[in-house]
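Undergrad: Keeping their order, the protein sequence lines are chains A and B.
Letter by letter, the first sequence follows residues 15 to 352 of our numbering.
Letter by letter, the second sequence follows residues 383 to 962 of our numbering.
Read the hints as simulated data drawn from the structure, not as lab findings.
Be aware that one or more of the hints could be misleading.
Said to hold, decoys possible - Think about it this way: if two alpha-carbon atoms lie no more than 20 Å apart in a straight line, the pair counts; the simulated EDC-like pairs of lysine to aspartate or glutamate are: (1) B:K747 to B:D936; (2) A:K86 to B:D945; (3) A:K230 to A:E208; (4) A:K228 to A:E265; (5) A:K347 to A:E305; (6) A:K270 to B:E457; (7) A:K230 to B:D862; (8) A:K270 to B:D475; (9) A:K86 to B:D936; (10) A:K335 to A:E293; (11) A:K350 to B:D465; (12) A:K270 to A:E310; (13) A:K162 to A:E204; (14) A:K228 to B:D475; (15) A:K347 to A:D304; (16) A:K228 to B:E457; (17) A:K228 to B:D862; (18) A:K347 to A:E208; (19) B:K513 to B:D406; (20) A:K230 to B:E457; (21) A:K44 to B:D862; (22) A:K86 to B:D825; (23) B:K939 to A:E88.
Letter by letter, the chains look like this.
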Amino acid sequence: MFPIGNNALMTAQWNLPLWADVNSSFWFPKQASTFAPQVDWLFDVILWVCIVFFFIVVGCMTWFAIRYRAAKGEPAKSRVRHNTLLELSWSVLPSFLLVFMFVQGALDYLVIVRPPEGAYEIQVTAFKWGWSFTYPGGIVVPEMHVVKNTPTRLVLRSQDVLHSLFVPAFRVKKDCVPGRFNTMWFNPSESNPEGEHFDLFCTEYCGKDHSMMKTKVVVHETQAEFDAWLAEAEKPRSDETPESYGQRIYETRGCKGCHSIDGTPRTGPSFLALYGRNEKLIDESEVPVDENYIRESILEPKAKVVAGYQPVMPSYKGQLKDFQVDGLIAYLKSLKGS
Amino acid sequence: MATVTSTPDLLHDTLPDGSAPVKDSYLSNSRGFISWAFTLDHKRIGVMYLVGVMSAFFLGGVLALGIRWHLWAPEGALLMQTDAVGEATSNNDLYNQFFTLHGAIMVFLFIIPSIPAALGNFLVPVMLGAKDVAFPRLNLCSFYLWVGGAVFFLLALLTNGLDTGWTFYTPYSTTTDTSVIAATFGAFVLGFSSIFTGLNFIVTVNTMRPPGMTWFRMPLFLWATYSTSIIQVLATPVLGITLLLLIAERVIHIGIFDPAYNGDPVTFQHFFWFYSHPAVYIMILPALGIISELISVHSHKGIFGYRFIALSSVAIALLSFLVWAHHMFTSGMSEVATVIFSALTFTVSVPTAIKMFNWLATLYKGSISLNTPMCYALAFMFLFAIGGLTGLFLGTLSTDLHLHDTYFVVAHFHYVMMGGTLVAFLGGLFHWWPKMTGKMFNDLWGRISALVVFVGFNLTFFPQFIMGSRGMPRRYATYDPEFQYLHQWSTIGAFLLGVGLLIAAVVLFASLWRGRRAPMNPWGGATLEWHCSSPPPYYNFARPPIVGDPYNFDTVKYDPRIDGYYLTEPDHFADEDDHH
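One chain only, chain A, in its complex shape (with noise of 0.2 Å):
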């Protein structure tokens, strides 16, 4: 509809930067991809048109309830009612204002929503409530990893309800949409210092625990930087056992939205003193909880349902590999009660 090319944004030079630069630190988070200098700009360039339309019409309020505050019975100083030519400049001429704030959004819109040919693609799964970023080659972790000056697409998908994924420095928002794919793009500008990281929030309500559906964004400097970092992404850290891995694994891979660990039964069984048990199944029958009914229960959920909960697990066949689940088992060993 509007041809422009994607580097548009990057490219265009606009005279206004100071009020960009004053402002963005009050009214934004850093400015961390190529969206957010122009995005910010035309914030700024409202903000403007706004503040010059406040003061007329508040300035001219309170002018006249000052100056023609008169006593009671006092008889108004005119009686003109009408005035075409005002009354039709007046609704016409802010039109034009009006015209460029469209033009301008849809434009840069146009460029924030179609992503360039051969973006690095990451697949992204919104769930009750965490996030889980697939990169290429099937590794899974519950954070956003991306390269400085990379145009990055994510493919959005919800496991269950409607979800967001929002990153404020980035200026970009994406509904994750049950039964349907969505996409957006972006291209970090800025990476982060060593330790740092940017927010990514969930901005559609999804329930309990929406305001703790968040993740880290790290921005890598260099794809060595990245690559690195994949390699070592999903597997346990040295300082870490197995069973503070599998901790790990249950706090970032959604298993803490429906199993709790102090015993309160949620949307699935707590783990607290799970392990060794004998859980009753919805089909009345009984069946230990070892190794193996874990491991069978993370990848084939539905097969053997605890008596009294909905068979609503989805399956982390391929999403959880073997060790991960080890370590999840040492976890849920671990966790005995009193």
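Starting from the known structure of chain A, fit chain B onto it as the hints suggest.
TA: Okay, now just chain B, sitting in the frame of chain A:
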């Protein structure tokens, strides 16, 4: 030429210094519970609505204060639970129920019926010089439907709670185990209440205007109410359909909204906003009508640009049907649809701006009284200017992608809905209170309430714009510490706002016991409600008077002995003129 009670002497007979009551007013012509519960008098129904919507507002307001209190600390401060190791943590489920019920009660039980059903019911027939609305029984029926809908909402509240957000988005609403069905059925019933009121007003305005009142001699409040009624009648059935489909989806899994049964959740959003966006104008249009009346009457000057204001109400009503998908710019709609809806959204700002400029021109060289209703009207203009202008950031596509579903949106719609509609409602309530109750309130304390509400409101909601553009998502029970000081400003503001509203309530209640008797025309208005006594008699007018310009203030004169105004020209009647 026959004259009725319109010379100063006669006025003093009916407007004494606090002794003789108005005989046979609508309040005193019959007594007892039954005489109210089964009344067909539009004024009594209006008063009952007023009591109802104000109770709902109180409930919704208490929930709002609970929300703000909870958000005092990043990990939650009020709605807490004790976890397994004995630490207090935020009870997110409870918080979600608080914001859901706050939104649902405020939207369905308060804002939508507030001005049309409470003030509108009282004023529409009186402004028309009519005895009642066209269908008085339907009017009573719509009040009891409102009560019924409210009961279902309270049931949802008291039984299982509701945690879907007031928007009932699928598939969350089809899978949560809270009382979605009770609440949606309540909203369904409330929808019929709204449709019946709208239908009643349309027929009343079309068929019962008095002699001389052409369309372009109607008071602007009637234009606004009429436009609102059109939306109520045309849009609300879609809400009914949507809510029934939602119930059907939950109960028998018809597979229209829930992807688990091959439905599409985005379809629900289209259905829902097809009603709920026009509903935004059901909420604001009557408020714009009130402000047109208040600005003109308290400037004692004819409204500037009458036709533009009148037609802009109709334009807003029609355009409101064409912008619903601007709530869905991030949902994954097609690019074409998104761009078109953005363009259409901008068109709505034109008629809104027209009204604003015309009000300013009305103030210019007026004879302005800064009494309580006028203070609320000026506060409205300030707040609604911010609310309207910040809509531009959300209509613009690229900035909306950043701001959507953040606190920026929360701040924007509170500036429009609360700074706009609620403040206009309060202004209108103070303006017509003497007419409704026959009592004058304490104007000094009324103005103080307007000031405290104004300051508290800005303190509550302005920081939310900053939070939002910095990336704070809405509907969060807990948040990042970097936002804490902004949240704390907002919470302090909310309690200040609560104090302001409490002062307003005390001022109004106190007037019932201690207020001096209201004159027939305390502000100097020229529309027909100021031609009958305060409070009006049961039948309003014995005969409909012949109506001229509703904003002709030349015939309204101040009389300091009654601290009110009187009409120098007597009312004329069609049948009297025939005899000459």
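Undergrad: Measure nothing beyond the straight line between the CA atoms of K939 of chain B and E88 of chain A; if it is 20 Å or shorter, mark the hint as holding.
TA: Judged against 20 Å, a Cα distance of about 9 Å means the pair holds.
Undergrad: Within 20 Å, alpha carbon to alpha carbon, are K86 of chain A and D825 of chain B?
TA: 14 Å, holds
Undergrad: Starting from K228 of chain A, check that the Cα of E457 of chain B is at most 20 Å away, please.
TA: Answer holds: K228 of chain A to E457 of chain B is near 15 Å, not above 20 Å.
Undergrad: Please verify whether K347 of chain A and D304 of chain A have alpha carbons no more than 20 Å apart.
TA: Roughly 9 Å separates the two Cα atoms, so the pair holds.
Undergrad: Verify the proposed pairing of K270 of chain A with E457 of chain B, using a straight-line Cα cut of 20 Å.
TA: 18 Å, holds
Undergrad: Quick one, are K162 of chain A and E204 of chain A close enough, alpha carbons at most 20 Å?
TA: Roughly 6 Å between the alpha carbons, so the hint for K162 of chain A and E204 of chain A holds.
Undergrad: Check whether the Cα positions of K513 of chain B and D406 of chain B lie no farther apart than 20 Å.
TA: Distance of about 14 Å is within 20 Å: holds.
Undergrad: Would the hint linking K228 of chain A and D862 of chain B be met if the CA-CA limit is 20 Å?
TA: 10 Å, holds
Undergrad: Just to be careful, I want the Cα atoms of K270 of chain A and D475 of chain B compared with a cutoff of 20 Å; is the pair within it?
TA: 16 Å, holds
Undergrad: Within a Cα-Cα threshold of 20 Å, do K270 of chain A and E310 of chain A meet the stated pairing?
TA: 18 Å, holds
Undergrad: Taking only the CA atoms, is the gap from K335 of chain A to E293 of chain A under or equal to 20 Å?
TA: Not satisfied, since the Cα-Cα distance of roughly 25 Å exceeds 20 Å.
Undergrad: K230 of chain A and D862 of chain B: Cα distance at most 20 Å?
TA: Holds, at roughly 13 Å.
Going down the numbered hints, you'll see the structure goes against 10, 18, while the others check out.
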